[in-house]
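*Asks:* Take the two lone chains and join them into the complex the hints point to.
Taken in order, these protein sequences are the chains called Z and R.
Count along the first sequence starting at 1, add 1210, and that's the number in my numbering.
Count along the second sequence starting at 1, add 24, and that's the number in my numbering.
Every clue listed holds true.
As a list, the in silico BS3-like pairs of lysine-lysine whose alpha-carbon atoms are at most 25 Å apart:
id	chain 1	residue 1	chain 2	residue 2
1	R	242	R	228
2	Z	1392	Z	1412
3	R	264	Z	1506
4	Z	1297	R	59
5	Z	1328	R	64
6	R	296	R	242
7	Z	1291	R	59
8	Z	1451	Z	1506
9	R	264	R	66
10	R	249	R	296
11	Z	1434	R	296
12	Z	1284	R	59
13	Z	1328	R	66
I should point out that these hints are in silico values taken from the structure, not numbers from a laboratory.
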Amino acid sequence: MMSAKYLAQGDLSAWLGALAQGRRVLVPVRENGAVVFRPYGPGVAPVLSRQADSPPKESVFPSTERLMEFSYSKDPENLGKVALDIKETVNAPATVVFGGRPCDARGFTVFDRVYDTKAIRDPYYAERRASTLFVTLACDAPETTCFCNSVGSSPVDADGSDVLLTPVEGGWLVEAVSERGKALLDAPALKDAPASAQEQAKAAQEAAVAAMPPAWDAAPAAAKLIEKFDDMGFWDNVSAKCISCGACTYLCPTCYCFTVTDERSGMKGERIRTWDTCMSFQFTLEASGHNPRPTKAYRLKNRVGHKFSYYPDIHKGPIACCGCGRCIKLCPVSVDIREIVRLAMELPTATAGKP
Amino acid sequence: MTTMMNPYLPEIATVLEVIQETPNIKTFRVVLNNKDRMAKFKYEPGQVGQLSVFGVGEATFVINSPPTRMEYLQFSVMLTGEVTSMLHTLSPGDQVGVRAPLGNWFPYESMKGKNVVFIGGGIGMAPLRTLLLFMLDNRKDYKNISLLYGARSPEDMAFKYDLPDWSSRKDMTTVLTIDREAPGWEHKVGLIPNVLLEMNPSPKKTVAITCGPPIMIKFTLQALKKLGFEDDQIVTTLEKRMKCGVGICGRCNIGTKYVCMDGPVFTYAQLKELPNEL
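The shape of chain R in the complex, shown without the other chains (with noise of 0.2 Å):
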């Protein structure tokens, strides 16, 4: 049996590597055991996926290694419930299932050739990464690639092992802040929408993607409206709670809309368009 003809059916997975992130977020990078399978799997940037820890559950997590490598799929897990709580147990060589790819994905054939905006905040990082990591990988398709990355401390920020490279890159602009003074922390201090106000940048050919906690959300909107950028040059992804996955089971509707299969990426003029249901 495959998904596609069962799409309740997760494919088994084993864990190659786990990744300590930060205190409460752990990193997985898992390989479907199918070698044929691994070999054809297909998603876009931005799709999500369900990991289920086979007795416990399933939940949904964004595939946050991009299409362009394939050697693993990546999912970035904060620990907040019952399924997160198991899967921060796992090892390398134990077995998942892994439902994906699901729901759309980021609008980069129409970014081509504008300029991008990266604002993540926190576990929203996420989800940017794979944009990220796919845009840096089709370079040429882009103007310019801004990053502006905030934690609440240096431990909270997830893959340090991206950072040196985005720093060091002369072929995109890093920004990472912190929301108070840490000893030994080099770069910004300050709540993300501040620093993306100080960053100024032109909303001229630009697209801002921006995902982090609500609040955050909230006010990155807030200053990015400010800065000029109109209601269908910022692209969000939203959470839901989610079961089905392939919007049957009824939970993660916004009025007429699934964010499972209409979304989650949404842009911000779509949002408006949606009932007041976030």
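Chain Z with its partners taken away, still in its complex shape (with noise of 0.2 Å):
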């Protein structure tokens, strides 16, 4: 941890207004009965009581966004013949994301592994990467769909974030956790923490830690579910609820799944990137019709593997889970992603209709 600071509750919209003087900050706000992070501006009032319902995923990976241009032109001398143009078009605002949980920030740690490696560079994910900084809130009521502590976080993670602030007497202890955060700080909205707020913080911390459900150790889940990879009587039974409706998919922090489309109007048109969901049939769809996921229970076994077997496999450790608990509390007909894993681990592997 580097310097820390003091915000009292009442000098929020300032430093908030200050953040925001040529960055987009994002808060999370109330909006049609749920809690969505969105932009701060004048009368704009942040939640930070509880998490919020959708996570900040937008604001580096965006649910639509254009990845290049088209455009067609006829050549004045040989008008059946026609050029075509392509435009990459990267948007990259500089953006603060304010009140995001620890979860959420850490989220993107999964992505890096993915989207911005060695071997490949996803430019538009790594530039927004790079402009985006996050403000966290350490979480000291979870929630009871709460797993942080059972995938290797914690409701006090700085992992992804660049500032975390703990609740504290009268306001909150704000403390850099990154060389980017630091910058953050030098606002006259925040005064210098006097000692009992930096007691009061990890006082706050350890309580917020002690508040969690008992963790359990999802690690060994990652050879348990490959192990009932063919245990399909398995699958059809935890999938049974499962409506395919995808929501658990888009509303998680780690899932970076995507689909290209294109659209044309004419001599223009775009290409453009869309979350899609492993939980649709189309997904795998092949053109030929075969589909190597057919039903729903192939498709959340590919869900639960790909977090906490596959994921963890291929990066050598992290499980692509950030344990935020949205997928069980937002799910219609309430699966219970924890509850597949640890049946997954504490269940007999029935090899018995093994194709």
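*Replies:* Given below as structure tokens:
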């Protein structure tokens, strides 16, 4: 941890106003009954008392974005000949995501290992990631669906964040956890933190960790899920309720799959990337009509398998789940990924009926 | 911008020639518009590319011309969906997008000094054609080369322009087969796995390379096993729904392997190691 400051509750809007100079600042706000991240501006009241219903995933990975524009032009000398031009359209506005939880910021550390590697750099993601800072609020009131402590994180985890706020009496202790975050602390709204605030923050962080439900170790699931790959009785059972709506994946801070589609109008058009979901039948449907994941049981197996087994295997350890619990809390039929992972670890594997 | 900087950005290419291979397969010979990029374009036999028709989308096809013949990049496209339908309307001079090369390739280095048996069914002949031509262009590196190529009917046989050469060459054995008798057909009649058993290739110091419809592959593998081929002597190349082609978009995985990066070429031994989700 680097320098610590103190932000009084009354100075919150002053700091947000300062952060919003020349940047977009996204804050959790109430909209149609849900708490979602929206741009901060005059009159916007951030909701910091609870986890937002959808994560700030769109700050770095928009649900829809243009990858490139293309245009056709006729050769004036030969009208039968058409020339094509493609323009890359990377758009990376300077952004601060304010008031997300540790799980929200940590989600992007899962993306980083896929989208920005030695082999492949996705410029749309990488440039937006580089221009986005996370001012994260340590979680002092975990929800019943939270399980970050079981997937290698905690309610006060600073991984992926630039600044960590911890609630203390009358305000927050503000700590920079990255070099980039340090620059955000240079604001008149922030005062030097008294020793008492530091002590209170330490106590609050310990209380937050203690408030979590007991941790269980998700790491052994990696091998167990592979062992259960052909146990379709297991997967049929755990996916019985699922309605393939995909809400779990859209609300997940670590789900990063996408599709690419083209739109064309006359001589112009664009190539667009949109979030996609492995819970959809179309996701793997091949042109021949063959589908390697023909039922929801196969698809749920891939979602759980990817997060708890394939990703940790490929990336040598980290689980592609931040334990935010939104897929459980907001699933319309209460599919519980914790339950599936635990059952996979506990139940014996049926090998009868293996194809 | 080059594709090295942005993995999604296609190179613009011009269609040189369109060949109607069969009633539902067309072959497109394209060249990159950037002459310098075309001259420096490097790929390996078995690697794939994404072909774009802007406004409709992208789909994955093998580059079925070998890197030893670089006048153009050749893609053969069977009419199956939206992108392929639009590709089938193209004519010479039309502009397409190319993102290539993607994926891994046939392990031709480890096949040096060995016999090679190619077993292609229908459009599955396309990836095999790349490696076959590559090996013919480096003929001394390989021992006996044999090809078994089957299609439903004589009309469904692609690459007819290659067949006279393949059939008349002294340095390879070519067996062509169709599923049912047809007037004027002078070659074999019968399903590929049965004809393969008749051919009875020895597995000794031999690699079998097969590609075709799933049902053909299934029975061809059984035939190869019957002939005594070990799992690591059998090589195939997979087809999957792909979008990004660079291991990010997340749809072509089989467990921990991404067909677009770790494949499309796998040995049967490698496939057996993967979860059962083909």
